[in-house]
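Enquirer: Sequence:
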Amino acid sequence: MDEPIIIPMPEFNTLKHTKSGRVDKVIDGLTVLLKDKTIIRLASLDIPDFHIQRDAPYSENALNLLQDTLPTGTEILLYQTRKAKKGRENRMGHALGHIVTKKTEKSAPVWINGALLTHGIARVILTPNALEMFNAMITAENGARENKRGMWREGSDYLVLNSDSSAQALGRFALIEGRVEKTASIRNNVYLNFGKDWKTDFTIMITPAMRKKLAQKNIHPLSLGGKTVRVRGWPREYNGPLIELDVPEHLELIPTASK
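Under our numbering, the residues of the sequence shown are numbered 1 to 259, in order.
One or more of the hints may lead you astray.
[What the hints assert, rightly or not] Derived lysine-lysine pairs resembling DSS-like cross-links, with alpha carbons at most 25 Å apart: (1) K217 - K83; (2) K19 - K35; (3) K16 - K213; (4) K212 - K86; (5) K35 - K106; (6) K19 - K86; (7) K213 - K83; (8) K212 - K83; (9) K227 - K182; (10) K196 - K227; (11) K102 - K19; (12) K19 - K103; (13) K35 - K25; (14) K86 - K213; (15) K199 - K182; (16) K102 - K37; (17) K182 - K213.
None of these hints come from the bench; they were simulated from the model.
Using the sequences and the hints given, assemble the complete structure.
Expert: Right, here's the structure in full:
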């Protein structure tokens, strides 16, 4: 018998409670309509097959999970970034944030974003204007990966790639892990190379601005030679597959024994 899946309930003190409301309907696996016509888009999540028209099991699972957890009339709390002018809306005018169901006599509150991560239906993707909740989200994602749920099951197309196979992910969002063979600073940019030949191997590019942000987290890119790291982003072709780091949280240091 499978172990019950426990959805974490973190603190939301890095965010601001901006709204309470009732669910009218679930639009899709990332989007909810409230009775007052507010449309909420779940923040910092990526469902890998979300824009695929057919055979999109993770999007279907996300829709089913939200419909089961957020039936019409469900009371919810919306938590958003504290920055009122940036990060609270997407370009469609939809509210971006984390949804938590209100506690009732019959049920405990549920963190909806965390539920999708814990089930392995979604993965973490941050934007520069919404960096909050990363630790809680990555813990939920890691738990799903360790338990091989959803997209993290064996044989999935969305497992963490080794740096040697990073070319498989060109043009799509992916998680890539490997040992940094060499670091270099060229025209103020730092490059982390994962092979012997920088013209063909996988590379992470770190701009001066991103380098300063990493330093604030006590991560110094030029000292990462020999370290194992995991990065998430969109590889493009530039002397082999290359990811330009867009937020510092997307670069994780991984213990050597971990995989």
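Enquirer: Take the hints in turn and mark each one as holding or not.
Expert: How the hints compare with the structure:
no., hint, result
1, K217 - K83, "holds (21 Å)"
2, K19 - K35, "holds (12 Å)"
3, K16 - K213, "holds (23 Å)"
4, K212 - K86, "holds (21 Å)"
5, K35 - K106, "holds (22 Å)"
6, K19 - K86, "holds (17 Å)"
7, K213 - K83, "holds (18 Å)"
8, K212 - K83, "holds (21 Å)"
9, K227 - K182, "holds (10 Å)"
10, K196 - K227, "holds (15 Å)"
11, K102 - K19, "holds (12 Å)"
12, K19 - K103, "holds (16 Å)"
13, K35 - K25, "holds (8 Å)"
14, K86 - K213, "holds (19 Å)"
15, K199 - K182, "holds (13 Å)"
16, K102 - K37, "holds (19 Å)"
17, K182 - K213, "holds (21 Å)"
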